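Residue numbers (our numbering), protein chains in the order written: chain W, 1 to 284; chain B, 1 to 256; chain D, 1 to 275.
The hints are simulated quantities; they were obtained by calculation from the structure and are not laboratory data.
Take the hints with a grain of salt, since some may be wrong.
[What the hints assert, rightly or not] For each label pair, taking beta carbons as the anchor points, the in silico distance ranges come out as:
#1 B:Ala119 with W:Ala52: 20 to 30 Å
#2 W:Ile53 with B:Thr199: 32 to 42 Å
#3 B:Trp86 with D:Arg92: 25 to 35 Å
#4 W:Leu259 with D:Asp179: 56 to 66 Å
#5 W:Leu181 with B:Asn211: 53 to 63 Å
#6 W:Leu181 with B:Thr45: 52 to 62 Å
#7 D:Gly144 with W:Leu33: 38 to 48 Å
#8 B:Arg44 with W:Ile53: 53 to 63 Å
[As the list claims (entries may be wrong)] Each computed BS3-like pair below joins lysine-lysine, with the alpha-carbon atoms no more than 30 Å apart:
#9 B:Lys251 with W:Lys270
#10 D:Lys23 with D:Lys56
#11 B:Lys139 with W:Lys270
#12 W:Lys174 with B:Lys2
#13 D:Lys56 with B:Lys139
#14 W:Lys174 with W:Lys270
#15 D:Lys227 with D:Lys29
#16 D:Lys227 with D:Lys189
#17 B:Lys251 with B:Lys139
#18 D:Lys56 with D:Lys29
#19 D:Lys189 with D:Lys109
#20 B:Lys251 with B:Lys5
#21 D:Lys15 with W:Lys31
#22 D:Lys56 with D:Lys227
#23 D:Lys56 with W:Lys31
#24 W:Lys174 with B:Lys251
#25 W:Lys31 with B:Lys139
#26 D:Lys109 with B:Lys139
#27 D:Lys15 with D:Lys29
#28 D:Lys189 with D:Lys115
#29 B:Lys5 with W:Lys174
#30 D:Lys227 with D:Lys15
#31 D:Lys13 with D:Lys56
#32 D:Lys15 with D:Lys56
#33 D:Lys23 with W:Lys31
#34 B:Lys251 with D:Lys109
#35 D:Lys29 with D:Lys13
For clarity, every value in this text was computed on a predicted model and none was experimentally measured.
Even glycine gets a Cβ: it sits at the ideal position worked out from N, Cα and C.
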Amino acid sequence: MSVAQRELEKPVAVPPQRDSSRTPSAVAPYKPLLLGVAGSLGFLLIWQVFSAIGPVGSHYLPPPTVVFAEFVENLSDPDFWTSVGYTLRAWLIGLVVSSVAAIVVGVIIGSSTFLRRATHSTIEFLRPIPAVALIPLAALLYGPALSAELLIVVYACFWIVLVQVLYGVADVDKVATDTALTLQMNFWQRVRYLLFPTLLPFLMTGIRLAATVALILSVGVELIIGTPGLGQDVALAQINDDAPAMFALIVTSGVLGMLVNWLMGTIERKVLFWHASVRGGVKS
Amino acid sequence: MKTLKSLGYFVGLPIVLIAAWWAATQGGGSFYVPDPDQLVTAFRTVWLGDGFTQDALPSIARLLVGLALSIVLGVGLGIAIGSIDWVRWLLSPLLEFLRAVPSTIMIPVLLLLIGINDAMKVTVIVLGCLWPILLNTIKGVASIDEVQSDTGRVYGLTGIDRMRYLVLPAASPQIFAGIRQSLAVGLVLMVVSEMFAATEGIGYAIINFQNRIDIPEMWSGIVLLGLLGVALSVLFQIVQGRVLGWYEGLKESAND
Amino acid sequence: MTDHQDVRLRVDKVKKVYSRDGKEFEAVKSLTFDLHQGEFACLVGPSGSGKTTLLKCIAGLMAPTSGAVVLDGRPVNGPARGMAVVFQEYGRSLYPWMTVAANIELPLKIAKLSKAERRARVDEALHSVGLEQARNSYPWQLSGGMQQRVAIARAVATHPSVLLMDEPFAAVDAQTRADLEDLVRSVWKRHNMTILFVTHDIEESVYLGERVLVLSSSPTVIQDDVKIDLPDERGQLGTRSLTRFSELRAHVYGQVQIAKTNKTGMVTSRQAAVL
Numbered sequence: 001m002s003v004a005q006r007e008l009e010k011p012v013a014v015p016p017q018r019d020s021s022r023t024p025s026a027v028a029p030y031k032p033l034l035l036g037v038a039g040s041l042g043f044l045l046i047w048q049v050f051s052a053i054g055p056v057g058s059h060y061l062p063p064p065t066v067v068f069a070e071f072v073e074n075l076s077d078p079d080f081w082t083s084v085g086y087t088l089r090a091w092l093i094g095l096v097v098s099s100v101a102a103i104v105v106g107v108i109i110g111s112s113t114f115l116r117r118a119t120h121s122t123i124e125f126l127r128p129i130p131a132v133a134l135i136p137l138a139a140l141l142y143g144p145a146l147s148a149e150l151l152i153v154v155y156a157c158f159w160i161v162l163v164q165v166l167y168g169v170a171d172v173d174k175v176a177t178d179t180a181l182t183l184q185m186n187f188w189q190r191v192r193y194l195l196f197p198t199l200l201p202f203l204m205t206g207i208r209l210a211a212t213v214a215l216i217l218s219v220g221v222e223l224i225i226g227t228p229g230l231g232q233d234v235a236l237a238q239i240n241d242d243a244p245a246m247f248a249l250i251v252t253s254g255v256l257g258m259l260v261n262w263l264m265g266t267i268e269r270k271v272l273f274w275h276a277s278v279r280g281g282v283k284s
Numbered sequence: 001m002k003t004l005k006s007l008g009y010f011v012g013l014p015i016v017l018i019a020a021w022w023a024a025t026q027g028g029g030s031f032y033v034p035d036p037d038q039l040v041t042a043f044r045t046v047w048l049g050d051g052f053t054q055d056a057l058p059s060i061a062r063l064l065v066g067l068a069l070s071i072v073l074g075v076g077l078g079i080a081i082g083s084i085d086w087v088r089w090l091l092s093p094l095l096e097f098l099r100a101v102p103s104t105i106m107i108p109v110l111l112l113l114i115g116i117n118d119a120m121k122v123t124v125i126v127l128g129c130l131w132p133i134l135l136n137t138i139k140g141v142a143s144i145d146e147v148q149s150d151t152g153r154v155y156g157l158t159g160i161d162r163m164r165y166l167v168l169p170a171a172s173p174q175i176f177a178g179i180r181q182s183l184a185v186g187l188v189l190m191v192v193s194e195m196f197a198a199t200e201g202i203g204y205a206i207i208n209f210q211n212r213i214d215i216p217e218m219w220s221g222i223v224l225l226g227l228l229g230v231a232l233s234v235l236f237q238i239v240q241g242r243v244l245g246w247y248e249g250l251k252e253s254a255n256d
Numbered sequence: 001m002t003d004h005q006d007v008r009l010r011v012d013k014v015k016k017v018y019s020r021d022g023k024e025f026e027a028v029k030s031l032t033f034d035l036h037q038g039e040f041a042c043l044v045g046p047s048g049s050g051k052t053t054l055l056k057c058i059a060g061l062m063a064p065t066s067g068a069v070v071l072d073g074r075p076v077n078g079p080a081r082g083m084a085v086v087f088q089e090y091g092r093s094l095y096p097w098m099t100v101a102a103n104i105e106l107p108l109k110i111a112k113l114s115k116a117e118r119r120a121r122v123d124e125a126l127h128s129v130g131l132e133q134a135r136n137s138y139p140w141q142l143s144g145g146m147q148q149r150v151a152i153a154r155a156v157a158t159h160p161s162v163l164l165m166d167e168p169f170a171a172v173d174a175q176t177r178a179d180l181e182d183l184v185r186s187v188w189k190r191h192n193m194t195i196l197f198v199t200h201d202i203e204e205s206v207y208l209g210e211r212v213l214v215l216s217s218s219p220t221v222i223q224d225d226v227k228i229d230l231p232d233e234r235g236q237l238g239t240r241s242l243t244r245f246s247e248l249r250a251h252v253y254g255q256v257q258i259a260k261t262n263k264t265g266m267v268t269s270r271q272a273a274v275l
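Bound conformation, chain W alone (with noise of 0.2 Å):
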């Protein structure tokens, strides 16, 4: 078949996939959102009917009318946002850190054939080993303080996105390098239009792996060690037998969480807005 025939064939109009005759096509696109809106509060529902008339009771479950009204005095509370303010600190230094470290021995590694190879086995068997099992160590070395919690969370996040920085690496395309190279481009040249950018798609995706573990660790470490922030205030409220505010703090961190994730998503596609069609680096 010839190419001009094939032109012609390309389609004239274009039938949707899915047949959307039963549902009023006014109402079809809201679907989702409706039946989402519809589940959450249908949940909210179950959750309060639950407490008042379940086996656990109110006092050690709170009805979520109890737990909302918590959380919202507890915006207005500065004690609050100061806990906020301190496990977001560690979060951010600790994810800014080990960012940073493992973009440079990343590059480093990975653009030397010898060192990938010499580093592999090391990696392989430092990367599996949890960052919780550092945390004894973190409190001897630095008791209750900012310190302990960021050698948790760097040690646990460097890994991660140290590993998708040796992806992104290996993943530069030949062609475009011997290209590059006979273009008599420099070194700094090469990292700028040729690493980066080939880069730059695994690193948003272990960015955002590791903002969550991050989350996960720093509010681990303040459980343990009690470093001020939303895990030694669920830990205090456990002590104090107050289960309105243990929830009220967990939806907090849940609040929190859906942020997190809210920015990274929106970071990644703004960084990767000309690149969103060519993802690589799915192999977390």
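Go by the hints and put chains B and D onto chain W.
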């Protein structure tokens, strides 16, 4: 010669690092870092002795049970939710929120609700490990190739058969990605819950050693956790290699 | 030409209307035709003529807005036993987690055939398409042409009343396509199958079919029903150089051009270049 070279790369850096550690701790080791001899002795005494049955086994057992439950629940629910559009839409915002909660924060709550026992620790692990598996399963099931699905319909593939021959295999790469994530989370939760509130377990033991300033013993626990992490990772890769062999092949041939 | 008796497939005033964003789009206006036992019919039409829509309706993958599809006297309300489909995208139709043999066997397992019967049919199907040695390979280990042969084997093994083929050779290279065309004809003869073959390759439709149905562009109707009175024994070299072949091809070509320009009444420069 090639295998010798590979072996060289494999042990090279580790040997260098261990040698450096040994050299640096000549003269008995610092307060924070034991010398190799101390560490090996401590490891042997603790983990190859009583510590094995008292702390290591219960911890590992809880972790495995938690993971198994998460996989069964996550895959089962995931298939159900992923296959039915309106159910997926109904639960989406709720699941998104629940998954965003850092699982460590649930530990004190569950302590209050359930108490210091195995049930609580397993529940913590399940609550943390469920989400990656569930969400990845949903994603995998919801994004099954339309042509694959049509082919199934044409040849009469429905119900259980469809799950078995189409849905599960098609979603399995995504499911395995979820399981890999949950392995890491499970380990974290096992350790943290034992460090926070427990009467036995690896995490409990390590914190205990730290409190009593038994440094080499503390480090031995850290090393054990490292070995556990590596073992889980290797085991996972073996299983994945078996089950997803076709997927590797498919991707490779696509890249040609 | 073989005299076909019973009606295997009846398409009766099938109409398909899509609604999208509140607007209605009539893909298929009214299609009516019969397929008889053992017939090899081709369906040609310009893009946007609802070929795929029609095929999906016949296969039971989609419900027509009105009209009916009847297979062996029974109305088609969903994917029917007795109908097999070979899709264009073989890479996405064969299941990559199963071997070639397992792929062919799957529909037979669903149909609850005995192990012995399944084995026999798989062997026979592999033999028909000449892929006995590939039985334990995975689809992605095979070339495009071989994969499509596996898809054909899978369809054939179910001993279907009607075999639907949706532009099956559009995604393979010309040489492979020629081999596959001859393969389909040999399979058709050997099993005395009833085949509805959708294509946009006009030459292919004339070469393969006993009958070529030309579809208009949407809203689609049957524009022409051309009887292909070429000899039964066909070969790529011989048949295609017959005068009658050229005549038939030109006729179908002309019909397709009319179909294309029917809507706008204008011939675009691209179309003119091929005309």
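Hints and how they fare:
1. B:Ala119 with W:Ala52: 20 to 30 Å: holds, 24 Å
2. W:Ile53 with B:Thr199: 32 to 42 Å: holds, 34 Å
3. B:Trp86 with D:Arg92: 25 to 35 Å: Taking Cβ atoms as reference, Trp86 (chain B) and Arg92 (chain D) lie about 26 Å apart, which means the hint holds.
4. W:Leu259 with D:Asp179: 56 to 66 Å: holds, 59 Å
5. W:Leu181 with B:Asn211: 53 to 63 Å: holds, 59 Å
6. W:Leu181 with B:Thr45: 52 to 62 Å: For Leu181 (chain W) and Thr45 (chain B) the Cβ distance comes to about 58 Å; the hint holds.
7. D:Gly144 with W:Leu33: 38 to 48 Å: Check passed, 42 Å falls within 38 to 48 Å.
8. B:Arg44 with W:Ile53: 53 to 63 Å: holds, 55 Å
9. B:Lys251 with W:Lys270: holds, 29 Å
10. D:Lys23 with D:Lys56: holds, 22 Å
11. B:Lys139 with W:Lys270: holds, 24 Å
12. W:Lys174 with B:Lys2: Distance ~25 Å between Lys174 (chain W) and Lys2 (chain B) Cα, so the pair holds.
13. D:Lys56 with B:Lys139: holds, 26 Å
14. W:Lys174 with W:Lys270: Roughly 27 Å between the alpha carbons, so the hint for Lys174 (chain W) and Lys270 (chain W) holds.
15. D:Lys227 with D:Lys29: holds, 23 Å
16. D:Lys227 with D:Lys189: The hint holds at about 18 Å.
17. B:Lys251 with B:Lys139: holds, 19 Å
18. D:Lys56 with D:Lys29: The given pair, whose Cα atoms are some 15 Å apart, holds under the 30 Å limit.
19. D:Lys189 with D:Lys109: Since the Cα atoms of Lys189 (chain D) and Lys109 (chain D) sit roughly 26 Å apart, the hinted pair holds (cutoff 30 Å).
20. B:Lys251 with B:Lys5: Judged against 30 Å, a Cα distance of about 29 Å means the pair holds.
21. D:Lys15 with W:Lys31: holds, 28 Å
22. D:Lys56 with D:Lys227: holds, 25 Å
23. D:Lys56 with W:Lys31: Given that 30 Å is the threshold and the Cα spacing comes to 26 Å, the pair holds.
24. W:Lys174 with B:Lys251: holds, 19 Å
25. W:Lys31 with B:Lys139: holds, 19 Å
26. D:Lys109 with B:Lys139: holds, 28 Å
27. D:Lys15 with D:Lys29: Within the cut-off at roughly 5 Å; holds.
28. D:Lys189 with D:Lys115: Status holds; Cα separation ~27 Å.
29. B:Lys5 with W:Lys174: holds, 25 Å
30. D:Lys227 with D:Lys15: holds, 25 Å
31. D:Lys13 with D:Lys56: holds, 15 Å
32. D:Lys15 with D:Lys56: holds, 12 Å
33. D:Lys23 with W:Lys31: holds, 18 Å
34. B:Lys251 with D:Lys109: Distance of about 28 Å is within 30 Å: holds.
35. D:Lys29 with D:Lys13: holds, 8 Å
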